[in-house]
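Chains A and B, in that order, are what the protein sequence lines are. For the first sequence, this note's numbering assigns the number 207 to the initial residue and increments by one for each residue that follows. For the second sequence, this note's numbering assigns the number 308 to the initial residue and increments by one for each residue that follows.
These aren't lab readings, by the way, just hints derived from the structure by calculation. Computed from a prediction, not measured in an experiment: that's the story for all the values here. Each residue gets a CB set at the ideal place from its N, CA and C atoms; glycine is no exception. The reader is advised that the hints may include incorrect statements.
[To be verified] Derived DEER-like restraints, expressed as beta-carbon distance ranges: (1) A:Y951 x B:Q311: 46 to 56 Å; (2) B:Y357 x A:T817: 34 to 44 Å; (3) A:S938 x B:Q311: 54 to 64 Å; (4) B:Y357 x A:I847: 15 to 25 Å; (5) A:G823 x B:V326: 31 to 41 Å; (6) B:A375 x A:Y904: 43 to 53 Å; (7) A:F854 x B:V326: 41 to 51 Å.
[What the hints assert, rightly or not] Distance condition first, Cα-Cα at most 25 Å in a straight line; then the derived PhoX-like pairs of lysine-lysine: (8) B:K363 x A:K821; (9) A:K997 x B:K315; (10) A:K997 x B:K360.
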Amino acid sequence: MSLLHVAILSPLIFTIVVPIVYKFFRNVHTGWFILPLPVLLTSYFITFVSVTKDNRSIGETLSWIPSLGINFTVRVDGLGLLFALLITGIGSLVVLYSIYYLNKKTEQLNTFYIYLLLFMGAMLGVVLSDNLVVLYMFWELTSFSSFFLIGYWYKRDKSRFGAQKSMIITVLGGLCMLGGIILLYLMTGTFSISESMEFFYPNYVKDSYFIPALIFILLGAFTKSAQFPFHIWLPDAMEAPTPVSAYLHSATMVKAGIYLVARFTPFFGEHPLWFWLVSGIGLLTLFWGSFNAVRQTDLKGILAYSTISQLGMIMSLLGVGAAALKFSDTNDNYYLVATTAAIFHLINHSTFKGSLFMVVGIVDHETGTRDIRKLGGLMTFMPITFTLSIIGAFSMAGLPPFNGFLSKEMFFTGMIRIQDLHLYHLQTWGILFPSIAWIASVFTFIYSMVLVFKTFTGKYQPEKLDKKPHEAPIGMLISPIVLASLVIIIFFFPDLLSDSIIAPAISVILPNLLTETEAFQVHISAWHGFTVELFMTIGVLLLGTFLFLTREKWKHVYTIFPDRFFSTVYDETLKIAQNGSKRLTKLYMNGSIRSYLLYIFAFFIAILAATMVVKEGFKLELDNLAEIGIWEVILSIIIVIGSITALFVKSRMTSIILLGAVGYTVSLFYVLFRAPDLALTQLVIETVSVALFLLCFYHLPKKKNEERIRFKIPNLVISIGVGVIVTLIAISAHSTKLYDSIAHYYVENTYIEAAGKNMVNVILVDFRGFDTMFEITVLAIAAIGIFTMIKLRLSGREEH
Amino acid sequence: MILQVCTKVCLFIIILFSVHSFFAGHYEPGGGFIGGLMTSGALVLLLIAYDMKTLKNILPIDFKYLIAVGLLFAVGTAAASLFFNVPFLTHAFGDVQIPILGETALHTATLFDLGVYLVVIGVTMTIIQTIGEDE
């Protein structure tokens, strides 16, 4: 176990400490004990920058199940490190924020921090695992811990509903991903990501597993990253405490799907389906998210849809970036810019969205509501929060001088260049990419403005607020201030990140383009002349401002399409599935033993008849039949008459006596076929059972009128079917004698080996005494069973 | 009255016959199962002719213990073969010199059959007694 393993597992291990410190240091906020861990981890992971800078990676293996090829292998490369830094860095800030956000007296802090640490460890495991099975394990752990975190206020209905919804959707995707992982394993024969990446695309594209694996992996990524139409869980997950939303639902967990897509780009990226699915779904999500964010009235609802939209943007950039793989080198490769933009925007989004969530949390905390219809005019009360929200929202809208401007420009660049790509019929459809991107950006601009100006400017409405608003405590402001300053710093010094973080990450996503000594040259600058992109941004600004100001007039556009359309579809699907299965179960599990017997017999007939037909099993051979004597005929007639009359008689007593007659005739048959032991036993047993039957029927309630067995056609059909099939099988079996009987062994050895002359008895007690031993055990159990049933019945009745 | 007198006579004949068919089991039709059933048939006759209490006075046995003893016999006989380093349920037989009876052919299978015999009596009587006592 190396230090790296310890680092990944340390949050999980640290959960043990949490309840202890929570119990023994009640006066200190538990968060203070947690805070050092993510800070330490951040500084630990920063040391890896020097390694990944040269496109090297560090791998460590810990044996887990080596015989199955499942080992806890971790690999730190550019992509993994970028995510690890985001997780630990934002994790530290979120823990700090939560210390001031959550009240140590009224909240169950121990569970909160346990879930948060579980999540942090799981997330680190996802991004740093090299083994697909281990990755899947951590992936599901993130689903679980986020389920717990969303349902943290478990006494609220909405929290539980949101937690369940996100659980169902993400686990559905997770299981699809597991299917994809298994298919990948079948193709490549290894669970290791880095090893399977060495098998280049052309080797596997012909494989019949390739397309299903691609779709399954993407399903996992899309559900986790809230892509259309799986985005519905994210708005409902906003019932979680705000630090959780800031951490999970903006910066880390929802980017696990992005990570997965980026990670598998070298493997699947050259396939057209990958390009269309990733970029198409991404663009659709981008548009749908930003379109719907505008109509939200809840601050966190806006942020949720905005997260969906931004994730769609990153996703579409990754899809477009995969087109770069079609070109063999890095020179003149226009499409590299899309991947660069994806990585860059990923970082930017984490910074501004994290700070915006924290800002919203502060507003919620200080005013008691998140509804923008109640808020307004808070600027004078909360100047710092206002400034922070301006920075975050303007960056989100893509305005200078904030980092969102840079990545938005690059996004436009990537989308415009797609038209020049002479691939995948893009000559005709390519124009859609920049147009959708531009429209979505306009909506992004509008909701960003709504977020700021509806909350902080306008009329102050004190009568609608529960508390008198005031500025948040400084501790709560530290984290958003740090993130907001990053937003500005990245704008002015973008190259701080480009060589150390972004370029190594790109080299992991697009490794095939590099020769050994090459490195990607990422150069981000704030100004590149009067280009199309700049005019597009100006257009967004103008149209966005116009639409924002005239918002009230075109609001009714939203009535065309219901707000929660896909959520309703989800709810209805669940309802239909539940009711349907309930109805289906009621249909055949009706509680009547008669119907179950019908199923059993019908199945019995069907399966045997089918086997008979398919295997052509029927056979009739008349050679080795014995002579039929007069006594056999007479006895058979008696038996047949007895059994048939038993069906039609009215009185129960008569049918019992008829059954007895049948039984005695059977014993006569034994006499006839020379089986004296059987005849004796049958005689006695028949007497006893007839006596027992009489006893039972004597005790039956008298009120029931005795009537004949009611006639039902299905019963007749089934019973005749069973009779016919058994007869046919008996005849066929008798006609097919494969081997001689072993009886002559017993005939020869009964006296020699076992000193007996009664062969039946010798077989019973000697040759096959084992059976007898357990048969008498069966008898004993039956007797004890009857004894207990009858004796304990009385006391049982008294209890009720 | 006639029934009771007849019972007194018949009981011993039936029991003797059942004992006979038990011991003859190895050579002629019969054996533990039939013997046991007949013995319990004799006891049932007693039960019908008199009543439950009379039977309990004559045979103060809890028949459930009889089941246990019978099973013990069967399993014990079977397990005893393990001590002689032969497989489970291997029977032994031979002529043994016994002080009073002289030279007698004995077979451990009879012990096994005795177990069967006792279990069958126990089972039948338990069932009949339980149902009979139930109100």
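Verification of the hints:
1. A:Y951 x B:Q311: 46 to 56 Å: Cβ of A:Y951 to Cβ of B:Q311: about 51 Å, so the range 46 to 56 Å holds.
2. B:Y357 x A:T817: 34 to 44 Å: The hint (34 to 44 Å, Cβ to Cβ) is violated, given that B:Y357 and A:T817 are roughly 58 Å apart.
3. A:S938 x B:Q311: 54 to 64 Å: Given a distance of about 57 Å, which is inside 54 to 64 Å, the answer is holds.
4. B:Y357 x A:I847: 15 to 25 Å: 39 Å, violated
5. A:G823 x B:V326: 31 to 41 Å: 50 Å, violated
6. B:A375 x A:Y904: 43 to 53 Å: 31 Å, violated
7. A:F854 x B:V326: 41 to 51 Å: Once the Cβ atoms are compared, 45 Å apart, the range 41 to 51 Å for B:V326 and A:F854 holds.
8. B:K363 x A:K821: 62 Å, violated
9. A:K997 x B:K315: 32 Å, violated
10. A:K997 x B:K360: Holds. A:K997 to B:K360 sits at ~18 Å (cutoff 25 Å).
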